[in-house]
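We have chain C already, so just place chain H on it with the hints.
From first to last, the protein sequence lines stand for chains C and H.
Sequential numbering of the first sequence, starting at 41, is according to the numbering used here.
Sequential numbering of the second sequence, starting at 373, is according to the numbering used here.
Just so you know, these hints were derived from the structure itself, not from any lab.
Given the structure is predicted, the values throughout are model-derived calculations rather than measurements.
We put the CB at the ideal spot given by N, CA and C, even for glycine.
Treat the hints with care, since some could be wrong.
[Unchecked claim] To give an idea of the chain C side of the interface with chain H (calculated C-beta under 8 Å), a few residues:
| hint | residue |
| --- | --- |
| 1 | M41 |
| 2 | L42 |
| 3 | R44 |
| 4 | V111 |
| 5 | K112 |
| 6 | D171 |
| 7 | Y172 |
| 8 | F389 |
[Said to hold, decoys possible] Some residues of chain C that are not near chain H, with every Cβ distance over 12 Å (derived):
| hint | residue |
| --- | --- |
| 9 | K52 |
| 10 | V63 |
| 11 | L86 |
| 12 | T109 |
| 13 | G121 |
| 14 | E135 |
| 15 | I187 |
| 16 | L250 |
| 17 | K262 |
| 18 | K268 |
| 19 | G297 |
| 20 | F349 |
[Unchecked claim] Taking CB as the label site, the calculated pair distances span:
| hint | chain 1 | residue 1 | chain 2 | residue 2 | range |
| --- | --- | --- | --- | --- | --- |
| 21 | C | K343 | H | E416 | 21 to 27 Å |
| 22 | H | Q516 | C | G87 | 45 to 51 Å |
| 23 | C | K97 | H | K551 | 57 to 63 Å |
| 24 | C | L356 | H | I435 | 49 to 55 Å |
| 25 | H | Q417 | C | I317 | 56 to 62 Å |
| 26 | C | S134 | H | Q417 | 34 to 40 Å |
| 27 | C | Y98 | H | E468 | 50 to 56 Å |
| 28 | C | N308 | H | T513 | 53 to 59 Å |
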Amino acid sequence: MLSRGFKIVQSKRFEIYIEDLEVSFGHAVVKIETAAICKADLRYYLGSRDERTLNLKYPINLIHEAIGTIVKDPTNSFKKGDKVALVPNIMIDSEKQDEFDIALSKNPRLGENYSPKALFASSSYNGFSRDYIAYPARNLVKIEKNIDSSIATFSELISVASAAIRRVILKENDVIGIWGDGILGYILCSVLKQVHKGHIIVIGHSKEKLEKYEGVQTYISKDPIIKKCKINVAFECIGGIASESGIEEILNSILPGAKLVLAGVAENPIKINTRKILEKGLALYGVTRSNVEDFKFAAELLKNSDFRFDISKLILDVTPIYEIKDYYRVFEVETESRALGKHIMNFKF
Amino acid sequence: MNIAIILAGGKGSRMGMVDQPKQFIDIYGKPIVVHTIEAFDIHEQIDAIAVVCLKEWHEDIKIWTRKYELNKIKWIVDGGETRQESVLNGLKAIEEDVNPEDIVVIHDAARPLISHKIIVNNIEGAKKYGAVDTVIKASDTIIQSIDDNTISSIPVRKELYIGQTPQSFVYSTIYDAHKSAASSQIQDSTDDCRLVLNSGKKVHLVDGDKLNFKITTMEDLLLLKSIIKMSKLERI
Numbered sequence: 041m042l043s044r045g046f047k048i049v050q051s052k053r054f055e056i057y058i059e060d061l062e063v064s065f066g067h068a069v070v071k072i073e074t075a076a077i078c079k080a081d082l083r084y085y086l087g088s089r090d091e092r093t094l095n096l097k098y099p100i101n102l103i104h105e106a107i108g109t110i111v112k113d114p115t116n117s118f119k120k121g122d123k124v125a126l127v128p129n130i131m132i133d134s135e136k137q138d139e140f141d142i143a144l145s146k147n148p149r150l151g152e153n154y155s156p157k158a159l160f161a162s163s164s165y166n167g168f169s170r171d172y173i174a175y176p177a178r179n180l181v182k183i184e185k186n187i188d189s190s191i192a193t194f195s196e197l198i199s200v201a202s203a204a205i206r207r208v209i210l211k212e213n214d215v216i217g218i219w220g221d222g223i224l225g226y227i228l229c230s231v232l233k234q235v236h237k238g239h240i241i242v243i244g245h246s247k248e249k250l251e252k253y254e255g256v257q258t259y260i261s262k263d264p265i266i267k268k269c270k271i272n273v274a275f276e277c278i279g280g281i282a283s284e285s286g287i288e289e290i291l292n293s294i295l296p297g298a299k300l301v302l303a304g305v306a307e308n309p310i311k312i313n314t315r316k317i318l319e320k321g322l323a324l325y326g327v328t329r330s331n332v333e334d335f336k337f338a339a340e341l342l343k344n345s346d347f348r349f350d351i352s353k354l355i356l357d358v359t360p361i362y363e364i365k366d367y368y369r370v371f372e373v374e375t376e377s378r379a380l381g382k383h384i385m386n387f388k389f
Numbered sequence: 373m374n375i376a377i378i379l380a381g382g383k384g385s386r387m388g389m390v391d392q393p394k395q396f397i398d399i400y401g402k403p404i405v406v407h408t409i410e411a412f413d414i415h416e417q418i419d420a421i422a423v424v425c426l427k428e429w430h431e432d433i434k435i436w437t438r439k440y441e442l443n444k445i446k447w448i449v450d451g452g453e454t455r456q457e458s459v460l461n462g463l464k465a466i467e468e469d470v471n472p473e474d475i476v477v478i479h480d481a482a483r484p485l486i487s488h489k490i491i492v493n494n495i496e497g498a499k500k501y502g503a504v505d506t507v508i509k510a511s512d513t514i515i516q517s518i519d520d521n522t523i524s525s526i527p528v529r530k531e532l533y534i535g536q537t538p539q540s541f542v543y544s545t546i547y548d549a550h551k552s553a554a555s556s557q558i559q560d561s562t563d564d565c566r567l568v569l570n571s572g573k574k575v576h577l578v579d580g581d582k583l584n585f586k587i588t589t590m591e592d593l594l595l596l597k598s599i600i601k602m603s604k605l606e607r608i
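Looking at chain C on its own, in the form it has when it is part of the complex:
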């Protein structure tokens, strides 16, 4: 069947692509319903990566945060009409995996998503900005039908929060510090509120954004009280160049022997004070893309109405995408947006 989508062909240029959709073995056909733009998509849109990398990627369908509906599933894993989240991180077939891949996938704190062979939608293969997609059924996770698709579109970010949390073993009385008042920080905080009984503290720069956080202690960065909070597990959700000063504050604020999970992506290398890490005997953990299990965890969390209420606050608006002009418009709006949340797209083309 013919599928219609939008591919980025150079910075700030999308084109309509019509392609014949072939349904490979193990794949199901999904109609994309809602989608959201990630910072990585914006980097491709604005051309803010090095030219060589960009030229290797273009043309490509962007978008890796999406919810769809099953329209055809030869694998019989889903029923027609089932609502699903698409897991953008795709591991190679099990028969092609070597011992290293298998060991990774068996480690619950890491997982197959850490394999360099894993593909990622909108980066190493085409993403979800199209009407229909043929997708591996094992990379689809069912979402309860009554859950608003716009809220469920945050499944990918919820799964990333899940991936960050499972890097460490949390104890009930752990005091958790989240650095970063952006979307990932907010979602991580919302997830932790559901799974962690101890104190959660959020540290950010924007008073306005921090006001959106409910049920947790928030502080503006550099507040001297942060050092007295006895934080023993920290999550860095800042990313970009600002993560340098953020990590500096974390290293200075957390208790000796504490754990630090790094979840923000810095495009360029940043400086980290290793002396402080040594002095305090800190443990640093990296976190990358999430896997199917993280999405299943997200699908479970979304059944909880309190959690959905928290996530719904991130919906800045829902824009129907009837044609490529609407798609451009949302990319422009998202580029300019400094608000805490996302502009959800409802694919209607």
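The following block gives chain H in isolation, referenced to the frame of chain C:
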């Protein structure tokens, strides 16, 4: 219930080919008619499909139904001598299985680039108004010439639209219009909406798009092939 009637009865004489009507031409390994049927087969609002085509192509449609796993084809109907007769054959074929208020979406097999949105517009429009026609605004100036030599008139462009398909109707509306046309000896209407207008009913407009063009000439075929770009990335 929403039923698609796919008209694949044409002979394709304008293409110059003698062995194969245009809607059966292969595009990257699949006949045009199959691309068109797939758009309806996969659409969540379409419940069943009737394909109207010449008798000698019935077997091919049956083979493709299995090969391409087309699940919604319920009727394969003989085409008529004219478009009007083909549509009437389709309407008669589904008569026993439909209710008067069901929606029929009548579409040319030679328009494979029909979008999801156009089908939605048609179904919702037909439910609301009873009869709708898919159109796009005329972007070129339309010239009328009665003698095929000089300009008779230049109609005001902003009032002009280009008709496409689907044309969609409440079943009883279109069936009654066809029966009434047949009894009035009107046999070669190239447009179902005209028959509904003749019966005194209004036909509303729904938005089509330029890509929903009809493959009529070799140039159209070339255009279609260049539009369907082959995917460059590896399959997963």
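Verification of the supplied hints:
1. Checking C/M41 against chain H: minimum C-beta separation of about 4 Å stays under 8 Å; hint holds.
2. A hinted interface residue such as C/L42 counts as satisfied when its beta carbon comes closer than 8 Å to some beta carbon of chain H; here the least separation is about 5 Å, so the hint holds.
3. Because the closest C-beta pair between C/R44 and chain H is about 6 Å apart, less than 8 Å, the hint holds.
4. Given hint, C/V111 at the interface with chain H, holds; its Cβ is 5 Å from that chain's nearest Cβ, closer than 8 Å.
5. Given the 8 Å rule on beta carbons, the hint for C/K112 holds: about 6 Å separates it from the nearest Cβ of chain H.
6. Hint on C/D171 holds. Least Cβ distance to chain H is approximately 5 Å, under the 8 Å limit.
7. Interface restraint check: C/Y172 against chain H, minimum CB-CB distance 7 Å, threshold 8 Å, status holds.
8. Look at C/F389: its Cβ gets to within about 5 Å of chain H, closer than 8 Å, so that hint holds up.
9. For C/K52, the condition that its CB be more than 12 Å from all CB atoms of chain H holds, with the nearest at approximately 20 Å.
10. A Cβ of chain H approaches the Cβ of C/V63 within 12 Å, the least distance being about 8 Å, so the stated non-interface status is violated.
11. Consistency note on C/L86: stated as away from chain H, and its beta-carbon is indeed over 12 Å from all of that chain's, at 22 Å minimum.
12. A beta-carbon of chain H comes within 12 Å of the beta-carbon of C/T109; the shortest separation is about 7 Å.
13. Distance to chain H contradicts C/G121 as a non-interface residue, since its nearest Cβ pair spans about 7 Å, not more than 12 Å.
14. Remark: the non-interface label on C/E135 is consistent with the geometry, its nearest Cβ contact in chain H lying 15 Å away (cut-off 12 Å).
15. Every beta carbon of chain H lies more than 12 Å from that of C/I187, the smallest distance being close to 18 Å; the non-interface claim holds.
16. Non-interface call for C/L250 relative to chain H: holds, since the shortest CB-CB distance, roughly 41 Å, exceeds 12 Å.
17. With 12 Å as the threshold on Cβ separation, the claim that C/K262 sits away from chain H holds: the shortest Cβ distance comes to roughly 46 Å.
18. The Cβ of C/K268 sits about 50 Å from the closest Cβ of chain H, beyond the 12 Å cut-off, so the non-interface label holds.
19. The beta carbon of C/G297 sits about 43 Å from the closest Cβ of chain H, which is more than 12 Å, so the claim that it is off the interface holds.
20. Here C/F349 stays apart from chain H, with its beta-carbon at least about 29 Å from theirs, past the 12 Å limit.
21. A beta carbon spacing of about 24 Å between C/K343 and H/E416 agrees with the range 21 to 27 Å that was offered as a hint.
22. Taking 45 to 51 Å as the suggested C-beta distance range, the pair H/Q516 and C/G87 conforms, at roughly 49 Å.
23. The supplied range of 57 to 63 Å is met by C/K97 and H/K551, whose beta-carbon atoms lie about 58 Å from each other.
24. In this structure the supplied range 49 to 55 Å holds for C/L356 paired with H/I435, their Cβ-Cβ distance being about 51 Å.
25. Range check, H/Q417 to C/I317: Cβ separation about 58 Å, and the 56 to 62 Å hint holds.
26. Between C/S134 and H/Q417 the C-beta distance comes to about 38 Å, which sits within the given range of 34 to 40 Å.
27. Between C/Y98 and H/E468 the Cβ separation comes to about 54 Å, which falls inside the hinted range of 50 to 56 Å.
28. Our hint of 53 to 59 Å for C/N308 and H/T513 holds, since their Cβ atoms are close to 55 Å apart.
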